[in-house]
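All chains, full assembly: derive it from the sequences and hints.
Chains as they are written, first to last, in the UniProt record's numbering: chain C, 1 to 980; chain H, 1 to 269.
Quick caveat, the hints were computed from the structure, so don't treat them as lab data.
None of the values given here were measured: they were computed from a predicted structure.
Glycine is no exception: its CB is placed at the ideal position from the N, C-alpha and C atoms.
Possibly wrong hints are sitting among the right ones.
[As the list claims (entries may be wrong)] Not the full set, but computed from the structure, chain C residues with beta-carbon under 7 Å of chain H:
hint, residue
1, L190
2, R297
3, F298
4, P302
5, F303
6, R777
[To be verified] Just so you have them, the derived chain C footprint on chain H, three or more residues with Cβ under 8 Å:
hint, region
7, 100–113
8, 123–129
9, 135–145
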Amino acid sequence: MTLTPERTTVASGTPLVPAAPPAPPVVPEKTVTFQIDGVETTVPKGTLVIRAAERLGIQIPRFCDHPLLAPAGACRQCLVEVWAPGRDGNLAKMPKPQASCTLEATDGMQVRTQHTSPEADKAQHGVMELLLVNHPLDCPVCDKGGECPLQNQAMSNGRATSRFVDVKRTFPKPIAISTQILLDRERCVLCQRCTRFSEEIAGDVFIDLQMRGARQQIGTFDTRVLDFAPDPGTGDVVPGGEAVPSTTEADAQAVVSPDGPVGVSLPDASGRPFSSYFSGNTVQICPVGALTSAAYRFRSRPFDLVSTPGIAEHDSSGSAIRVDHRRGVVLRRLAAEDPTVNQEWLTDKDRFAFRWQAAPDRLTVPMVRTRHADGTRGPLEPVSWTEALDVAAEGLSAALAAVEEPEGVEPGLLHRVASRLTGRDEPVARPTGGVGLLPGGRLTLEDAYAWAKTARVVLGTNDVDLRARPHSAEEAAFLAHAVAGRTLEVTYADVAAAPVVLLAGLEAEDEGGILFLRLREQVTKRRARVLSVAPWASRGLQRLDGTLLPAAPGTEAEVLDGIAAGARHEGLAEAAELLAQPGAVVLVGERLAGVRGGLSAALRLAARTGARLAWVPRRAGERGGVEAGALPGLLPGGRVVTDAGARVDVAAAWGVPTLPSTPGRSTGEILAAAAAGQLGALLVGGVDPGDLPDPAAALEALAAVPFLVSLEVRASAVTELADVVLPVAPPVEKAGTFVTWEGRPRPFPQALVSTALPDHRVLHALADAMGVDLGLRSLADVHAELDVLGGWDGGRASAPDERPAEPVTVPAGHALLATWHGLLDAGRLQDGDVHLAGTAPRPVARLSAATAAAAGVADGEPLTVSTAAGSLTLPAVVTAMPDHVVWLPTNAPGCPVRAALRADAGDLVALAAASAAGAGPSAGAAARPAVTGRVGGDAGLVDGGADGTSTAGTAPTGRTSGYATGSTSGPVTGTGEERA
Amino acid sequence: MTDPTQRPAPRGDGARRTGATPARRPAGGGEVARPAEGDGYRSAIPPRGPLARALAPVGGFGVTLANMVKPTVTEQYPSEKVPTKPRYHGRHQLNRYPDGLEKCIGCELCAWACPADAIYVEAGENTPDAQYSPGERYGRVYQINYLRCIFCGLCVEACPTRALTMTNEYELTGPTRAGLIFEKEDLLAPLRDGMLRAPHPMVDGTTDTEYYRGEVTGTTPEQVAWVAEHRPDDPTLPGYTGDEPRWTPGPAAAAVQATAAAATKQGSR
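In structure tokens form, the structure reads like this:
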């Protein structure tokens, strides 16, 4: 850690989470030497003149030029005078000024910018005058005013007064491209940065140049705006286009074909064919105020804002951001530049979802639950920190003291609850009493470390687990073996250099937006291949030009095991061949934990092919928590709890005689124990019960535990049940370090002045109240301790080696549930951002044509997906995917899969057309013939006879494999297969 | 006029002198020369004649008597208030267009220009249901802190819509600091006859440009109808018969006015 410069303690060896080494300087193969304004410079061959000028500190005005986008030469503002050696070797002046953003430097060239050449200066003035001819000069109402390149460069490189006397071209303003992105066409200078970004970087073309000549403009291909065809609804031709008020849904119904001229896109929440997770970047790179965001519209001026660097808290990408705030209120976030991580891009969620940190339900004061006279729980009452900590300490101490068997526990209840929560059919036998800790997956490294240390030092237990999501013992073993203590083994740079990347249980665009952009960069620039083990080729995979290795949920392990040189299936054999290339990378997502044998199979695959393996969690705090030891079987730095040497090492660093030696319980086991009355108390961090595999059971468990302490930013379902509520600071009000999926530390400072305390300070105070000095009073203390602790070069945990589960038998009228979280959904960290929520894709249920036919729904009709716990009805979308599988977004608005269905990926759900579901899901399922089939994953399991039985229109189920049956015999390649 | 011949020696002279022996001190031994012995005090005022000496005790009344017939310069403030010069920099005012829409667009250029950081602005977006100013943007929050304001008028120069001007009102006082932070309702100009209180729609077929050019000269029947529909009890509607005044100053302005009025009463004769 290189976070606190005043640190004096010397690390024992490598730091716990070492910072990434600086990238080695790139030595260019060929260079050219030329002159700009008489200054001689040597640059790599192929460098653009404008870049070389930047390096010399010579400013050339520009609009369309962007270092990460291909040169366009669209705005012509960067004109310079160029003298170059001709064929005869004599220096000759090019007859006209040249655009320096498209001109590559050549040997002996002499470039004269506006600083030395009156001709270049005059040319630039002329271009600026032409650009301003139609620019409205409404700077006082424009959001860009004050930070506008056009404003600035009109002052530095433009005429002081305008000679233009005619009427300016005007457009109605603004057009709402989405609920978030607003387009003001008359401000546009047609630099095409936005269209080039969406084409080259994000790949989701949602706006483009249209019309010609003076009417050339940027826009969605909306015929009403373009005024060349009658409005399909009314038949009226709207003269001159129509302004769409951003705050109304007036244009929401202007739906053209979802696969229309806007390219590969899904309907967003309003049904319009726009859905980009990266649209906010166009606002940031727009050099004028043509593209603005509804969230920041008219909110403030640049001179009002105080900017603080930060790290986005929404995913494990660790994107560098800039937090702009005014008077203690965050008003916007922008992408900061970090070439090693997020370059200059940001997902919309990281950019726009920040209001949760100042939501009205923020907890600001500690609260203690009063007790009624009969001992039942009363309301929460605000108290002082001292009182709250004393009450919490007393309750936790009492829980530690109580170890007897509770009276009156129904025999077998514990086992039942435990198996429901963990998905494993093993009895849980533990001494009762004690405290469990559920820190949640969104903590900084420092806070996760404090949780891990509190568990071991203060509460004497290893029952701490940050995984507030479906998890497994196999995953814990995988994390201990292949993730913990192995920082920066696979980085963005390695992904960038990889010839092939296999994604398993990972939807890159939804679960790691920046990772997706980096992958796409490789695909488009270096022709890298992307393979994905998933049920269907998502929009993200299509834009990665990826190859789908179709796998029904639960069969991913079989597919991964099936990737072998001699595989019968040509797709798998090809994948094995590709992965054997040097530099190949396998990226597994956290969802693979829900697949029995999935992570083991990934390890086996990596060992078999020599590909490197990395784990990409979804939440920002998970990787840091793994390093900090916030897992039941792990101590900080990948030290294994069962390793006596590791325990001694950590105990020495912590100054305690011993550490608990039994591996702790996982989240599911902790909740099961709590439900069974076996836990005396529970300490819960930022855990949303809705994220857990069975939210209802989790809430029951939280209600059953005798003493519940909650450390929360905002009031939640846990707060409702807590005995003591201790408010903690959101990321914007504390300093800390997130760790990316690579294991790269991403320290960030505190942006807002706040009295809110970070978790580590609260836990320190809590430990203090219990009579233990945790030693984590300040961030510097934590860092010093992390450095003393250092990395671990001792023994690692052994690899899990679990075999894939047996294929599930799918009864008639049922399907296997596939699900993952979309980037934009109903998560609590997006609360309050209505403009952002409008850009989320519309929640749909996806299923294959045969499955849809068996369920009796056509494309677009409502489909009811149900379990014994409840049902969800969503429009069905027929997608090329394995039969007997239905895909739902995990937590889309109106689609809380875990809460409503109490099911997760790989579970059986009943399908019915929505009209037939009125009789009840179980009745509908029972009415069908109970023909059953098997769903397997490995291509080797497929036998030809079974395939024929499960095509559309025949028997509703059959013996199938994970691969799509019927017309699709091989892996579905990602291009153009999907009809949204 | 100084005699050019007696100008101080040029610098080079001093530089040249540095190498030379310092000038001798005056005789007498000290730093300052002693006054010559026996040379007593002599007044520079010429001695007066006997008549003048006789009248001297009452001579001073002449000044008093002469001033009794000169015009008085004392201002009887606060019992009598003297008008300021027309361009006096007094309290600010946020102006309205003739139909009652506000001129302020919340651009914050005044806050930007303010050298004392006395102005705080937050803009808002006009919607069809709540149109406060012509165009897209209006000033949702507008505050001037008169404990900070130095009345320099740079904000007025910065204003692109001439929304902000200064009045001649100078009685800005109050017992609290918070009371001297004027909000938008304190600063807005009174609603003259014919003006409709915002929000209401713009005049049909106009843009903010027409407003700025002064082509909107009053309310239209459509605007009146809109206000009558949405706020039937608005006192600015033509034909309003209720008791509510057309316009009342905001609380901070009213409190400051009350304070000044009370002081005026106390100070009046």
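### Query
Holds or violated: is the Cβ of R297 of chain C closer than 7 Å to a Cβ in chain H?
Nearest chain H Cβ about 6 Å off; hint holds.
### Task
Under 7 Å, Cβ to Cβ, is where R777 of chain C needs to be relative to chain H, so tell me if that hint holds or is violated.
Where the cut-off is 7 Å and the nearest Cβ of chain H is about 37 Å from R777 of chain C, the hint is violated.
### Query
Checking C-beta pairs, does the region 123–129 of chain H have three or more residues closer than 8 Å to chain C?
Per the Cβ count (5), the hint holds.
### Message
Quick check on L190 of chain C please, does its C-beta sit within 7 Å of some C-beta on chain H?
### Response
violated, 22 Å
### Query
How about the region 100–113 of chain H: do at least three of its residues have a C-beta closer than 8 Å to a C-beta of chain C?
holds (count 7)
### Message
Checking hints one by one. Is F298 of chain C an interface residue toward chain H, by the C-beta closer than 7 Å rule?
### Response
holds, 4 Å
### Coverage claim, chain C over the region 135–145 of chain H, checked by counting residues with Cβ within 8 Å (three needed)
With 3 residues close enough to chain C, the hint holds.
### Task
Classify the hint on F303 of chain C as holds or violated, based on whether any CB of chain H lies nearer than 7 Å to its CB.
At about 6 Å, which falls below the 7 Å cut-off, the nearest Cβ of chain H leaves the hint on F303 of chain C intact, so it holds.
### Query
Measuring from the C-beta of P302 of chain C to each C-beta in chain H, is the shortest one below 7 Å?
Constraint on P302 of chain C not satisfied, violated at 10 Å.
The structure does not agree with the numbered hints 1, 4, 6 stated previously, though it agrees with the rest.
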